[in-house]
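> Chain by chain, the residues run as shown.
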Amino acid sequence: MITIRTRKGYDINIAGRPSTDLETLEKPARVALLPERIPFVKPRLKVKVDDPVKVGSPVFEDKRNSQLVFLSPGGGRIADIDYGPRRVIKEIVIELDQDEDYETFPVLNETQLEGIERETLVQMLTAGGLWPLFRELPFRNIPNLQSLPPSIILSLGSREPFQPVPEVYLKDKVDLFEFGIKILNKLTEALFISASPDNNFVPDRLNTPVTHTCEGVYPADDPGVLLYTIKKHPDENRSWYINGQDVLLLAMLFKTGKYPVDRTVVLGGSLARGKKHLQTRMGVPLNHITKGRADDTGAARHIVGGIFKGYTGSKDSYMGFYETSLALIPEGDEKEFFGFARPGFNKPSRSRTFLSFLNKSSMPMDCNCHGEQRACINCGFCAEVCPVDILPQFTYKSILADEIEEALNHGLLDCVECGLCTYVCPSKIELRNILKETKKAYFLEQL
Amino acid sequence: MKFIQKMFDSKRKHFVKGGRFEKFYPLFEAFETFFFIPGNVTKNDAHVRDSLDLKRLMSLVIVALIPPLFFGIYNSGYQSNLASGLPVSFIAVFTKVLQIVLPIIIVSYGVGFAWEVLFASIRKHNISEGFLVTGLLFPLTLPPTIPLWQVALGISFGVIFGKEIFGGTGRNFLNPALTGRAFLFFAYPMKMTGDTVWTVVSGVNSQGVDTFSGATPLAVSAVQGSSVFIESLLSKAGFTLPKLFYGLYPGSIGGTSTFMCLLGALVLVFTGIASYRIMIGGILGVLAAAYPGYIVSLVSGNSTVPMLSLPPFYHLVMGGFAFGITYMATDPVSAPGMNVSKWIYGFAIGVLTVLIRIFNPAFPEGIMLAILFMNLFSPLLDHFEIHFRLKKRVPNV
Numbered sequence: 001m002i003t004i005r006t007r008k009g010y011d012i013n014i015a016g017r018p019s020t021d022l023e024t025l026e027k028p029a030r031v032a033l034l035p036e037r038i039p040f041v042k043p044r045l046k047v048k049v050d051d052p053v054k055v056g057s058p059v060f061e062d063k064r065n066s067q068l069v070f071l072s073p074g075g076g077r078i079a080d081i082d083y084g085p086r087r088v089i090k091e092i093v094i095e096l097d098q099d100e101d102y103e104t105f106p107v108l109n110e111t112q113l114e115g116i117e118r119e120t121l122v123q124m125l126t127a128g129g130l131w132p133l134f135r136e137l138p139f140r141n142i143p144n145l146q147s148l149p150p151s152i153i154l155s156l157g158s159r160e161p162f163q164p165v166p167e168v169y170l171k172d173k174v175d176l177f178e179f180g181i182k183i184l185n186k187l188t189e190a191l192f193i194s195a196s197p198d199n200n201f202v203p204d205r206l207n208t209p210v211t212h213t214c215e216g217v218y219p220a221d222d223p224g225v226l227l228y229t230i231k232k233h234p235d236e237n238r239s240w241y242i243n244g245q246d247v248l249l250l251a252m253l254f255k256t257g258k259y260p261v262d263r264t265v266v267l268g269g270s271l272a273r274g275k276k277h278l279q280t281r282m283g284v285p286l287n288h289i290t291k292g293r294a295d296d297t298g299a300a301r302h303i304v305g306g307i308f309k310g311y312t313g314s315k316d317s318y319m320g321f322y323e324t325s326l327a328l329i330p331e332g333d334e335k336e337f338f339g340f341a342r343p344g345f346n347k348p349s350r351s352r353t354f355l356s357f358l359n360k361s362s363m364p365m366d367c368n369c370h371g372e373q374r375a376c377i378n379c380g381f382c383a384e385v386c387p388v389d390i391l392p393q394f395t396y397k398s399i400l401a402d403e404i405e406e407a408l409n410h411g412l413l414d415c416v417e418c419g420l421c422t423y424v425c426p427s428k429i430e431l432r433n434i435l436k437e438t439k440k441a442y443f444l445e446q447l
Numbered sequence: 001m002k003f004i005q006k007m008f009d010s011k012r013k014h015f016v017k018g019g020r021f022e023k024f025y026p027l028f029e030a031f032e033t034f035f036f037i038p039g040n041v042t043k044n045d046a047h048v049r050d051s052l053d054l055k056r057l058m059s060l061v062i063v064a065l066i067p068p069l070f071f072g073i074y075n076s077g078y079q080s081n082l083a084s085g086l087p088v089s090f091i092a093v094f095t096k097v098l099q100i101v102l103p104i105i106i107v108s109y110g111v112g113f114a115w116e117v118l119f120a121s122i123r124k125h126n127i128s129e130g131f132l133v134t135g136l137l138f139p140l141t142l143p144p145t146i147p148l149w150q151v152a153l154g155i156s157f158g159v160i161f162g163k164e165i166f167g168g169t170g171r172n173f174l175n176p177a178l179t180g181r182a183f184l185f186f187a188y189p190m191k192m193t194g195d196t197v198w199t200v201v202s203g204v205n206s207q208g209v210d211t212f213s214g215a216t217p218l219a220v221s222a223v224q225g226s227s228v229f230i231e232s233l234l235s236k237a238g239f240t241l242p243k244l245f246y247g248l249y250p251g252s253i254g255g256t257s258t259f260m261c262l263l264g265a266l267v268l269v270f271t272g273i274a275s276y277r278i279m280i281g282g283i284l285g286v287l288a289a290a291y292p293g294y295i296v297s298l299v300s301g302n303s304t305v306p307m308l309s310l311p312p313f314y315h316l317v318m319g320g321f322a323f324g325i326t327y328m329a330t331d332p333v334s335a336p337g338m339n340v341s342k343w344i345y346g347f348a349i350g351v352l353t354v355l356i357r358i359f360n361p362a363f364p365e366g367i368m369l370a371i372l373f374m375n376l377f378s379p380l381l382d383h384f385e386i387h388f389r390l391k392k393r394v395p396n397v
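The listed protein sequences derive, respectively, from chains A and B. Residue numbering for the first sequence follows the working numbering, beginning at 1 and increasing consecutively. Residue numbering for the second sequence follows the working numbering, beginning at 1 and increasing consecutively.
What the hints contain is simulated information worked out from the structure, not anything from laboratory work. Idealized CB from N, CA, C, for every residue including glycine. Check the hints yourself; a few may be wrong.
A short list of chain B residues far from chain A (calculated; beta carbon distances all over 10 Å) [what the hints assert, rightly or not]: (1) A46; (2) Y74; (3) G168; (4) M338; (5) L369; (6) L376; (7) F377.
Here are some chain A residues pointing at chain B (derived, C-beta under 7 Å) [claimed, not checked]: (8) Q279; (9) I303; (10) F308; (11) G371; (12) P426.
The calculated BS3-like cross-link candidates involving lysine-lysine, where the alpha carbons are at most 25 Å apart (straight line), are [said to hold, decoys possible]: (13) B:K17 to A:K436; (14) A:K335 to B:K17; (15) B:K124 to A:K428; (16) B:K124 to A:K232; (17) B:K392 to A:K8; (18) A:K42 to A:K54; (19) B:K43 to A:K439; (20) B:K43 to A:K397; (21) A:K439 to A:K231; (22) A:K436 to B:K43.
Let the hints inform the model, and build the full structure from the sequences given.
Below, the structure is given as structure tokens:
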């Protein structure tokens, strides 16, 4: 086992972290697919409103690659297809039947898996709708079916405050997980499994050795950070990664022959009452998760997918294909009298400019910017936290000056989109967004 | 605070688009955000943000400036009363101060703020808090005898040519306060140098004036052709090392007390606002530049440049070095952004300060020119350090 130390990064001490209790939710009335939230996919619908669907029926495919299909997370009837501006497909809502029908997929046991061709396995994963679970660095797109990854990184860390922890989602499922790892081993010669040192569950229970221990604060466990630390050659840039929980889905597809929809999600944030892990399914409505577990959902921002990287969902929307986290954080749109001059014992800050540096307890945070946007004063706080040694204060200036080559030299593509630069910026510059959008534009140019 | 909120809300309509004073929205915004942290929420990820903003950052610099500010205010009054033969009790000094220093600070803030509002209104951006610091740093570097119209001229030059014509805060490559001071220094040398400018002599009571020389320690040291050791020359003039350290001697308003600057530096370094690398680099630079000459002059026993015989520690406590390296050199906008560059930048400022003090008879003090000179080099230092750093990266494309 190799120990990787990430010196930079930052752990925010936010109140409302979930406990490791697990509660199983009852079946929701509706589930949905959110094509809008799947990166770099142009959806072409394969269903109409009122069409009957089974669990695992194709719902839409990618226009660029019709082999890439996205399957229905529920059995029943297409209740609604919701379009946004410029006819972007936001939600495909499925009303669930009492007894859901399942599409059947081929079953594989261990010995069959040993003997199978890689190409066949890829075809089976794609037809089974689980290929999109793999993501390719550095753009985090869904990898090409034909491409061979230099390595696959499986991260079992959970440094982000509101992500499910492996000791919950892997409980009683270690065998299934081992089977999933066998599938990954068929896809690549170099499988890297990383875990945090402060969680003994993973290395203790697994037969497969953990290859890397990632020491350090958020986002030390991000696959992009691991790749940045271990890569020696530009060829390794296009490594793939997959989340720990998603490996279970791969295994279930081949064990059961059904499209797996199980998800362990986390409900957290200072406005949630039952802050814990919830066993539910893909695409559940947010209000199904918060029902009875939040005091006042009206004042809360529903952050889906993590407070640094996630998006704001409306109360009536659904969990996406990838997202496993819902945080209810106060919107915080009130003004504060003489806010800048207060001692700030309860104002969380990475710097020591408030008395909060004496306060070690976790503090509730809201979505207020805590200041107005100003010009960059080159304080360098962003570079102090960047886990992949980008100099965001210089990189973003070269982006604004349209010097894309220079931004690339600065390591723009190594950016793991952790959002810490935006978090610490005293001038409140949207650094993550600027870097992310530039990466995205660069990727689309290459397509 | 409810009624302040109501006041802003009721006046807002005049300043927003279509209102009578639409052009002066930045002014309105500056005052409103002074009283209230606005309720604007994050639109993009990251959804939560650090509580630190630029207003807090800059107001902490002001907090760090309080020790030299108050000491400087007291000192100018004290020196003035001492030289004028007036009583030096606290009350007497304090009333004196109100006449000397307060107008200078008010003019500096008032005139500079007017320029800020003008540029912000034309450019349609908000007023940056950086000016709060510039507007206070500038008067503290001036001699107390400065005419107010020169204060206004200096801060105008500093704000316009040191900052605004390059695009405002964040885009200036020179420290605006020092740019303003340098302008006055070269435009009106009679009012910025010499033995008479550092103390306000007032009244007809000339009892004390006879024994008053008014020279600063640097001026005493820079006496040419003297064969005695500067140290004894200084102590003869009353400038012992502790006195120089605590700073109760004539000089620029805020720059005399090394002790007070040290307190400010502790605040700045502890809160992480200013770079300790620049400060320590500067001190090392001073010592590195002063020691060789000192040792040579000790060995030879006599020197054509008498200031070489000054013990190097004196350079740290004399003149404006402490003030400059604490508050001016660490201005993040005009200093380099990379860590090694910061060491080099600070070190070079220290070296240049000493070289100017020792070898240039025209300028008794060198810290201002040293900082401005190194400001010019900071983009270059950054450029090379980034260049070397990027070479180590595994390329992406």
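> Now look at each hint and say whether the structure bears it out.
Consistency of the hints with the structure:
In this structure A46 of chain B is not separated from chain A by more than 10 Å, as the shortest Cβ-Cβ distance comes to only about 4 Å. For Y74 of chain B, the requirement that its beta carbon stay farther than 10 Å from each beta carbon of chain A is met, with the minimum near 25 Å. Against chain A, the non-interface label of G168 of chain B is violated: not every CB pair exceeds 10 Å, the least being about 6 Å. Not every Cβ of chain A is farther than 10 Å from the Cβ of M338 of chain B; the closest lies at roughly 8 Å, contradicting the non-interface assignment.
The claim that L369 of chain B lies off the interface holds: its Cβ sits roughly 23 Å from the closest Cβ of chain A, which is beyond the 10 Å cut-off. Once the 10 Å rule is applied to beta carbons, L376 of chain B is consistent with being away from chain A; the minimum gap is 16 Å. Distance check for F377 of chain B against chain A: the nearest CB is about 15 Å away, which clears 10 Å, and the non-interface claim stands. Interface hint status for Q279 of chain A: violated, as the beta-carbon distance to the closest one in chain B is roughly 25 Å, over 7 Å.
About 5 Å separates the beta-carbon of I303 of chain A from the nearest beta-carbon of chain B, less than 7 Å, and the hint is met. The interface hint given for F308 of chain A holds, since its Cβ lies 5 Å from the closest Cβ of chain B, which is under the 7 Å cut-off. Hint status for G371 of chain A: holds, given a least beta-carbon distance of 2 Å to chain B, under 7 Å. Residue-level restraint check for P426 of chain A holds (minimum Cβ-Cβ distance to chain B is 5 Å; threshold 7 Å).
For the proposed pair K17 of chain B and K436 of chain A, the alpha carbon gap of about 32 Å is over 25 Å, so the pair is violated. Taking the CA atoms of K335 of chain A and K17 of chain B, the gap is near 22 Å; set against the 25 Å cutoff, the hint holds. Between K124 of chain B and K428 of chain A the CA atoms are separated by roughly 18 Å; this keeps the pair inside 25 Å, and the hint holds. Annotation: proposed proximity of K124 of chain B to K232 of chain A is violated, straight-line Cα distance about 48 Å (limit 25 Å).
At roughly 17 Å between alpha-carbon atoms, K392 of chain B and K8 of chain A fall within 25 Å of each other, so this suggested pair holds. Note on K42 of chain A and K54 of chain A: the hinted pairing holds, with a Cα-Cα distance of about 23 Å set against a maximum of 25 Å. Distance hint between K43 of chain B and K439 of chain A is fulfilled; the C-alpha atoms sit about 19 Å from each other, no more than 25 Å. Distance restraint check for K43 of chain B and K397 of chain A: the Cα-Cα separation of roughly 21 Å lies within the 25 Å cut-off, and the hinted pair is therefore satisfied.
For the suggested pair K439 of chain A and K231 of chain A, the alpha carbons sit about 20 Å apart, so the restraint of at most 25 Å is met. Between K436 of chain A and K43 of chain B the alpha-carbon distance is near 15 Å, which keeps this suggested pair within the 25 Å criterion.
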